[in-house]
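Peer 1: One-letter residues, chain by chain:
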Amino acid sequence: MTDTERQHHLDLRETVDATAAAAGATAALPPDNPLHAGGETRSQWRDVWRQFRSHKGAMVALVLFVLTILFVLVGPYIWTIDPTYVDIRARNSGFSAAHPLGTDQLGRDMLARLMAGGRVSIAVGLTAMIIAISLGSLIGVTSGYFRRLDAPLMRMTELFLALPLLPLLLLMVTLFREPLSQSFGPAMGTFILIVSAIGATSWMQAARIVRGDVLGLKEREFILAAKSIGTPAHRMILRHVLPNVLSPIMVAATLGIATAIITESALSFLGLGFPPDFPTWGRLLYDAVDQMIQYPSRVILPGLFISLTVLCVNYIGDGLRDAMDPRIRGR
Amino acid sequence: MLDDKPLVSIEKLRVEFETGDGIVVGVKDVSFSINPGECVCVVGESGSGKSVSSLSLMRLVEFGGGTIAGGRLMFDGGDGKVIDLARQSSPAMRDIRGNQIGMIFQEPMTALNPVFTVGDQLTEGLMVHRNMTKAQARARALEILRQVRIPEPERRMDQYPHELSGGMRQRVVIAIAMACEPRLLICDEPTTALDVTIQAEILALIDRLKREKRIAVLFITHDMAVVAQMADRVVVMYRGDKVEEGPVEQVFENPQQDYTKMLLAAVPRLGEMTGKAAPERMRLMRDGTVSAPEPIIVKDPKPLLTVEGLTTRFAVKGGLLRRTVARVHAVEDVSFTINAGETLSLVGESGCGKSTCGRSILRLVEPEGGRVDLGGTDILALSPRELRRARRDMQMIFQDPFASLDPHMKLYDQVAEPMENFGIGSRSERRDRIAALFDRVELPRSFMRRYPHEMSGGQRQRIAIARALALNPKLIIADEAVSALDVSVQAQVLNLLMELQGDLGISMLFISHDMAVVERVSHHVGVMYLGRIVEIGTRQQVFENPQHNYTRQLMAAVPVADPRQKKISEDLNFRPIPSPIHPVDYRAQPSVYKEVAPGHKVLVEPATHH
Amino acid sequence: ERGSDGALNIIMWQAPSTMNPYLSGGTKELIASSMVLEPLASMTPEGEHVPRLAAEIPTLENGGIAEDLKSVTWKLQEGLKWSDGTPVTSADVVFSGQYCMDPQGGCSQLAKFEGIESIEAVDDLTVKINFTEPMPDPYSAFVGANGPIIQKAQFENCLGANAPTCTDQNFNPIGTGPFRVTQFLTNDVITFEANPEYRDPAKPAFATATIKGGGDAAAAARSVLETGEYDYAWNTQLSPDVIAGMEQMGRGKVSAAFGSLVERIHVNLTDPSSSHPEGERSTNAHPHPFLTDPAVRKALSMAIDRQLLTEIGYGASGKPTCNYVPAPEAWASPNQECLTQDIEGAKALLDEAGWTVGGSGVREKDGVQLKMVFQTSVNAVRQDFQALIKQWWSEIGIETELKTVDASVFFGTDPGSPDTLQKFYADVQMYADNFEGGNPAPYLAKWTCDKAPSPANQWQGENISRYCDPAYDALLVELGKTVDPAERGKIGQKLNEMLTKESNAIIPLIYRGTASAHSNSLGGVQINAWDSELWNVADWTRVQQ
Amino acid sequence: MLTFTIRRLLLAIPTLLFISLVIFLLLEASPGDPLGDVPLTVPPEVKERMREALGLGSPWYVRYVLWLKQFFWVEPLYWFDHVFGTQFSAGMQRIISFQSRSPVFDVIAQRVPQTLTVVGFSYLVGVLIALPIGIISAYKQYSWFDQLGTFVSMIGFSMPTFFTGVVLIIIFGVKLQWFPSVYDTTLVVRDWDSFWAQVRQMVMPVTVLALYNAAQISRFMRASMLDNLGQDYVRTARAKGLSERTVVLKHVLRNSLIPVITVIALGLPAVFGGAIITEQVFKVNGLGQLLITAIHGNDIPMVLTLTFIFAILIVLFTLIADILYGILDPRIRYD
Ligand SMILES: Nc1ncnc2c1ncn2[C@@H]1O[C@H](COP(=O)(O)OP(=O)(O)OP(=O)(O)O)[C@@H](O)[C@H]1O
Ligand SMILES: Nc1ncnc2c1ncn2[C@@H]1O[C@H](COP(=O)(O)OP(=O)(O)OP(=O)(O)O)[C@@H](O)[C@H]1O
Ligand SMILES: [Mg+2]
Ligand SMILES: [Mg+2]
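Protein chains in written order, with our numbering: chain A, 1 to 331; chain B, 1001 to 1610; chain C, 2001 to 2545; chain D, 3001 to 3335.
In case anyone wonders, no lab produced these hints; they're calculated from the structure.
It is possible that part of the hints are untrue.
Stated by the list, open to error - In the BS3-like style, the derived pairs of lysine-lysine whose C-alpha atoms are separated by at most 25 Å in a straight line are: (1) D/Lys3175 / C/Lys2253; (2) C/Lys2128 / C/Lys2070; (3) D/Lys3250 / B/Lys1134; (4) B/Lys1594 / B/Lys1213; (5) D/Lys3250 / A/Lys56; (6) B/Lys1210 / B/Lys1594; (7) D/Lys3140 / A/Lys218; (8) D/Lys3250 / D/Lys3140; (9) C/Lys2365 / C/Lys2446; (10) C/Lys2253 / C/Lys2319; (11) C/Lys2501 / C/Lys2319; (12) C/Lys2253 / C/Lys2075.
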């Protein structure tokens, strides 16, 4: 008997059984259409997406996030004022047609600066967060999963936690600023430097949390079961461990974005960041704090964008997490 | 006796679930009632809605994503008022749950909170519903633990669920349900994880409660023998509907529906195999005719797995600093051989170390000593990398199917995983093979897209079996592989396993409580007690000429699938079971056997059971 | 009347870390210690000397300064007492000199004692300072808050290597000033009470005083101008509109005092390019490809609108300037030429010098493009300046890349760091500097050829621009030999002009005052840039509004 | 577990030594100069002298070993003397700060109380509000409470304290004049008045920090609760007829706290590390301010000692977190 025949036979039998048992009941049964249903016809990701779409908050957040990204990416092509152009006569001007969001103390256009700043902030935030989270998850999972590596990796985590950030950053900048800007150009070089500096100094918390979860997970029976079918370590981690520790990772990721955006601005106060006339949201916010009373819009605008981005990422993370967790999915 | 009005009556219940595929109907249209002091058994193939019906009675489906879409659940509140459980407020339900209605859950591992001790979880309900003090509750909890025959209840009170064997956990769950002496006891497969002796005890206990306290019992099980012993009335369910209902004798002797007939035909009965040398396939009814079983004979058996002196112990931690205070001698000096293409069954009471023995062979727990030789490789000497390769040849089906499935993975991926691990076949070949496997374990292909929690207990078990078969292993360790399945599917799956055994020469280590099944499928049988094998030999030797006292007790306790031969009431008087826990410095004796016949060995030293 | 006006609250956002100015050298420590320790003479806000512990200022006329300029004799006031009640004697003065000049002590004011051969006590109240060579400016040692007299009895065991172990002494020195320390928490809070032994029985008017540290300039200004929690806030350099906003509350105001601080741009005359091997970057081995062209340097200066910079960055606490030495009067050049911005002129100048505008709007000549890196320390005003200047320079066809460096790195002298002021791995850089006392000569002496920083002197040279003109060196030698103040001023002006107007090696921008906020209820404040701002704290009173 | 603890403690010694060496080398290698603060008016020769007086003339390993000796031998001796009035440490050089030339430990001892009162208290407040928020948000997922909690905590987390702090100061310090904008570290609580003054000056910094901490912890709490609410044992607990309160607060919470405990325990060393920006905004001169000024001033002995103490705390709290973990989750085995 070939497989299709067998399947057909089975289906036939089910129908027969069903009719034999109670009449007309099959219609309300789960849509079992075994002949057409295939395990792979619908991929996991499409499933997740479908679920994600039903999460209202996440969808709104996604739309807003895409809009923000469009704002910073496409915006500069529409609103073409150079964000670093100093128009001293127009300084400190309020909302007007020439400068829809006003200007700063040197007469630089705020709208253009917000767009340019957003590019950097979002790019830095996302990239640094991804670096930190990947590094953190990698180290957390490895040290939770491999007993032998646990001690050395956790001691290394402690070392990193203990290292004073500022001297470390200063050192990194001294060592790598020139080589990087020579091989990638000054802007890209600084970007790489900044995201790796932030990434390299903020993975520890994620690592610790993930490790803790993995330790608990390791004792679950399905891990034992996976072991018994010969699942190699890397596959075990990718398929069984990671999906099950996703929620703390998601939280760490959202928090990580906020931290990265703020840290980037902190770096520029130390002269470690982008060139000083290069706007970023964090720096726009910081620069305007002193003038908060006179020019409230200058703090509110960048603050709003930072919060919006973080909120969006948070809701998207929530939605993703829910969508990836089959247990919650039903609700 | 059964004259008063029903305690609970289910009327036209319909339960729906929302899944990724849209609405799934768990129960379509079910009505039946239970009187006080009556035991109604619900049987039916797995996935037919038995658990969902019972969860609806407790109004717990809602928490699992289901909704009671229609019907009424009338419950006699005790003060003469009949209330509709489906419309009760949650505080009112809380007062009923655990107090008026107790429920025993199907899967013991996940049903218990991993971070609280057994004692904590037991006393909780008592303190809430019976207003007991901590000490009183503890005393009562100990009493119940004794009733459910847990060895060393005092110590168990302070242990955590993961430190107990599957059967012990199940008994803890039973104890929790019975703690407040509810008026309705819902038992969802309460004894599938228990060995026959304990099962008999528990059944007797439930029966006694039913008779003496006039408790109504809703009993869900696959085991027709248990049904025969326990039921006053039987409800047969099929695919979310009730198909037949009637007094137990009537259903057993004069089944009306084809489905019921098929179910009964598939029931194995102890003693059927007397006088037969080789195991035989299960009887199955197809298209109204019962298939004739054929014997499975292995020509020229060669040893595949040799186990010598296997010993596994667990540390027991105590105190605030959780130091090792004692050790559980879970497996102690166990030796046996399995020939290629043959089946060795391990039977024995719950907690005697069967699962641990199976896991030690796979090195899922590290044994302390001994030798395991699989087809010439010394398993215990392998490096992790070699061990992984070696596991391709030996597969395990776990006792607790839900816990052993990754909750985040689709069933398709779970079954595909072993093949992917060893890079077997192309994508499409794998897909075909998985489809074939789903067919073989009788699961519709649409289930490939579901997640474990969307399945019934038996459906999960079948996934676990499909996963183990995916690699065509040489050795399968089946830890209670079929005990969660309804008889018809059980028969099919067993036949499948035997078919594969015949075709591919697979060897099996079959761990089970069901003596009737064991009798049918095994070439050899080992009886375990307290971590040691007390008797081992061919099936005929052990079943037809049991030598060890414990083996005899086990045989005597097997329930008979005949409602007219009830033996529940006569109390089988068991001794309290000695403990496998010994102080750290305890030195275990080696096992000494007497060979009563060629290949038939009985433990003489240490003498454990008289 | 002493102690009648209650408590005086001062906030210094950069908190003092010690009360011993000989061990720190930082302005914040000088200010705090000047409440307690006093020198022989102080400087007034106008830059003149007034006696403190001395009975009078020694001059040639009164015979205090020897004819040959090789010694100066100070007389102490009579009846002076330390706050512990013991008398102040010339031995204390001699000891103070000894303390700072100890080679192992690491005294930060050592430069003030340069050229001193010996200090001797003539009698109980007379001290004579002998110089190795004729000293045109003898008012160096013990003049100003950074050269106070400390008590011999207290510091006797703290000489040389023992200096740092004397924590109690350093934190709670016995002094002669109007206040004495009651509690010293380093980098945090200092509390004082009126010195019962202070020479004027009516002073100080305040019974207690507190110097609180922490926060930032804006917060410090806010606590004086807006919340009124503090009476005086030191160094509230903020953008003018923020200050104006705060002053609107009417609780106090910000005032500035002008000393010699000039914000300027230094042009690197050597090539900082990283294509040169380490050790040769920014050294005389490689002249700068285009900044060696005087026309380019002049154009850089011409393109800048100093007036606007002042307005945006400093308001009332800054004045546009073309001078490197802005004061004293005699030394400041009358040069005003640079004060008007002249973009067109700069363009013309560059055209004339052969720098033609290339495709991207950047001027070039012989394949050399006018592209520069412009660095400075992290500071909001400086970053605004950078942005403005960058724009002006781009208008004349010079492209600028901006860079900022953390102040502790920039002003640090770590030879391992590439970002220090001295290494100058950039084409132009901006910072401010000043000199102390009334004598700019050492300040002008920084620009000789031999003082250019290089690996040979561990990058410790002071000639940041790597300016080298033999005529300048020669003129400086002449200055050293000149005694007549008027003549010295003339030479000084010439030197000043050589650095700025003539060579544009230094492009001065703004003559900066030090701004501090004080409450309207505080009377007697005379803010002083030549000495400690609290120099006359004994005269401060509470005024009713 | 005892052996585990002892082994970890023993292992901590080489770890810490290694950490101290790394920190030391890092401080050595990173740019910056202890004399960066000294005005430019001080000529280079004088600076060279000052540098030598600070002991910077000797090679790094000599200074490192000296520091080790001072930290592990001289300082304990000194404190021993201090307590018992003995004279063992007489004549030995304690660790001296470059900036203030005073013993580093004395300064740290001065700063600990104010850091603990402000930062420690705000951490406590943060945890105390985070846990209920996390629990309720998860239990009532997507209710208005959850939405509001999410919103506020994400705003709270994404707004840097240099901003929120100044906003509070402007509103409550300048406009309403309810609370002082400058924290008085010399205030001693003696009576009701001074107690009230202390409360008033703590309100704003504690609010800012607590909000920040609470935002973070409540997110982790919520996620962890959500993971556990779907488990089967919750159904069992419900079947016992326990109130939702008990089900959630006992069964689910205990399981959910396991990962959160790590977050909380690992956040604790940061309390001792101080909250640099908040301390600066409110002029609470605690350990954070001490560290940052020391770093800016390149005060190597101070930075090294502070970060080393910080490292000790981190190692200690990691151990505590691990032990708690083992106690809370019986399935985890250490050995
Ligand atoms: N949470 C859920 N989501 C979707 N479908 C579900 C869910 N729970 C149960 N089902 C489906 O409802 C049907 C009835 O399940 P139920 O658990 O009642 O079976 P059962 O009769 O108890 O079977 P078994 O004997 O195998 O335990 C099955 O088809 C199952 O797949
Ligand atoms: N992880 C563990 N830690 C401590 N003790 C354990 C552990 N696992 C099992 N045990 C103990 O080992 C003994 C044997 O357990 P095992 O699971 O092998 O029993 P079993 O024969 O499979 O019983 P059942 O039929 O009930 O599943 C029991 O006493 C059990 O409590
Ligand atoms: Mg079920
Ligand atoms: Mg078992």
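Peer 1: Among all the numbered hints in the text so far, which are the ones the structure does not match?
Peer 2: Going through the list in order, the structure violates hints 4, 5, 6, 7, 9, 12 and respects the others.
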